[in-house]
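Student: Going by this note's numbering, the letters in the sequence shown line up with residues 1 to 280, in that order.
Quick caveat, the hints were computed from the structure, so don't treat them as lab data.
Certain hints may be false.
[As the list claims (entries may be wrong)] In silico DSBU-like cross-links for lysine-lysine, where the CA-CA straight-line distance does not exceed 35 Å:
no. : residue 1 : residue 2
1   : LYS199    : LYS77
2   : LYS135    : LYS150
3   : LYS264    : LYS29
4   : LYS97     : LYS185
5   : LYS77     : LYS15
6   : LYS56     : LYS15
7   : LYS264    : LYS254
8   : LYS263    : LYS243
9   : LYS54     : LYS128
10  : LYS150    : LYS164
[Claimed, not checked] Using C-beta positions, here's what the derived DEER-type ranges look like:
no. : residue 1 : residue 2 : range
11  : LEU122    : ALA82     : 49 to 59 Å
12  : GLU74     : ALA24     : 13 to 23 Å
13  : ALA24     : VAL61     : 18 to 28 Å
14  : ALA67     : ALA239    : 46 to 56 Å
15  : GLN83     : LYS263    : 48 to 58 Å
16  : GLU84     : VAL186    : 50 to 60 Å
17  : GLN189    : GLU222    : 31 to 41 Å
18  : GLU255    : TYR223    : 48 to 58 Å
19  : TYR68     : TYR223    : 32 to 42 Å
20  : TYR68     : TYR209    : 30 to 40 Å
21  : GLN76     : LYS263    : 26 to 36 Å
22  : TYR223    : GLU139    : 26 to 36 Å
23  : ARG72     : ALA26     : 39 to 49 Å
24  : GLU105    : ASP62     : 14 to 24 Å
No experiment lies behind these values; they were computed from the predicted model shown.
Ideal placement from N, C-alpha and C gives every residue a C-beta, glycine not left out.
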Amino acid sequence: MITQIVKPEVSELEKGLVQLQSEARAVVKVSTPAEYASAGGILVAIRNYQKDVKNKLNPFVDIARRAYDAARQEMQKYLNQAQELEVVLTRPMEDFKRREREAAEAEQRRINEERRVEAARLAEEQRKADEARAKEEREKREREIKEAQKAGDLKKREAEKMRKEAEERERQQREQAARDAEAAKVNVQEVKVMPSTPKIAGTRGRVNYYAVFRNFDLLLAEYVRTCNGLQVATVERRAYLRKFIMGNHQELGKEARAVKDSKKLEALIPGIHASDEDSI
1 MITQIVKPEV
11 SELEKGLVQL
21 QSEARAVVKV
31 STPAEYASAG
41 GILVAIRNYQ
51 KDVKNKLNPF
61 VDIARRAYDA
71 ARQEMQKYLN
81 QAQELEVVLT
91 RPMEDFKRRE
101 REAAEAEQRR
111 INEERRVEAA
121 RLAEEQRKAD
131 EARAKEEREK
141 REREIKEAQK
151 AGDLKKREAE
161 KMRKEAEERE
171 RQQREQAARD
181 AEAAKVNVQE
191 VKVMPSTPKI
201 AGTRGRVNYY
211 AVFRNFDLLL
221 AEYVRTCNGL
231 QVATVERRAY
241 LRKFIMGNHQ
251 ELGKEARAVK
261 DSKKLEALIP
271 GIHASDEDSI
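Generate coordinates for the entire structure from the input sequences, incorporating the hints supplied.
Tutor: Written as structure tokens, this is what we have:
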């Protein structure tokens with residue numbers, strides 16, 4: 001059934017609005033009590049006019065709202081049934097998609113852990129080989145120095161200096177071998193394993209992530225702890241945590257209305273700006 005919506009006659013409302021516009025715009029400033037009272041009289045007339053508008057047009061608005069609600073309910077009836085069918089299909093599909101994703105993530109962790117273990121093993125072998133080569137070079141150099149010293153080509157002081165240089169060279173090679181081994185352990189290219197879930201045109205293949213606060217005091221304590229440090233990492237950590245510490249503007253406004261004193265409120269709560277204004 002289609003409800004006929006007929007707009008009421010509004011010519012009297014339009015005339016009244018024109019009169020009020022003329023009177024209100026004639027008030028340029030209010031400088032005396034008499035001007036304040038005159039402006040107040042116009043203000044009361046405007047508010048009474050708004051009441052008249054609502055009384056006359058509210059039935060018209062109600063009819064339109066009922067027609068809108070009826071049409072929306074009719075549409076929602078079919079949408080609700082379709083959404084129920086959607087749930088019938090999406091629940092088992094989402095379960096499958098989750099299992100596949102978790103399996104892919106587990107396989108990815110397994111493969112990457114094996115790669116890290118293998119990289120560490122190879123790095124350790126290479127480090128030992130480099131250290132052995134460094135030791136061999138040092139021992140060879142020491143034999144050469146000893147032979148040159150026996151032949152009279154080197155004096156004791158010069159030979160001792162060369163032996164220390166050979167030892168220092170070995171030490172540097174050992175340190176470099178250790179650094180190379182650590183770098184090889186860290187710089188392991190990770191493998192990405194994709195789940196075997198088919199992509200279906202018309203559907204969104206995404207993962208929704210959620211988080212909730214469980215212990216807000218713990219977050220505040222960690223933020224306060226970072227306020228005491230000036231190191232770059234600490235400053236960055238503080239800036240990161242600050243994003244999750246939000247001011248409750250509704251509660252702050254409620255407190256402003258309760259205290260009814262802007263200066264007092266600013267003294268009570270640091271870091272805020274309180275203000276007040278008069279209204280008629």
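Student: Could you check the structure against the hints above and give me the numbers of any it violates, in ascending order?
Tutor: 5, 9, 12, 18, 19, 21, 22, 24
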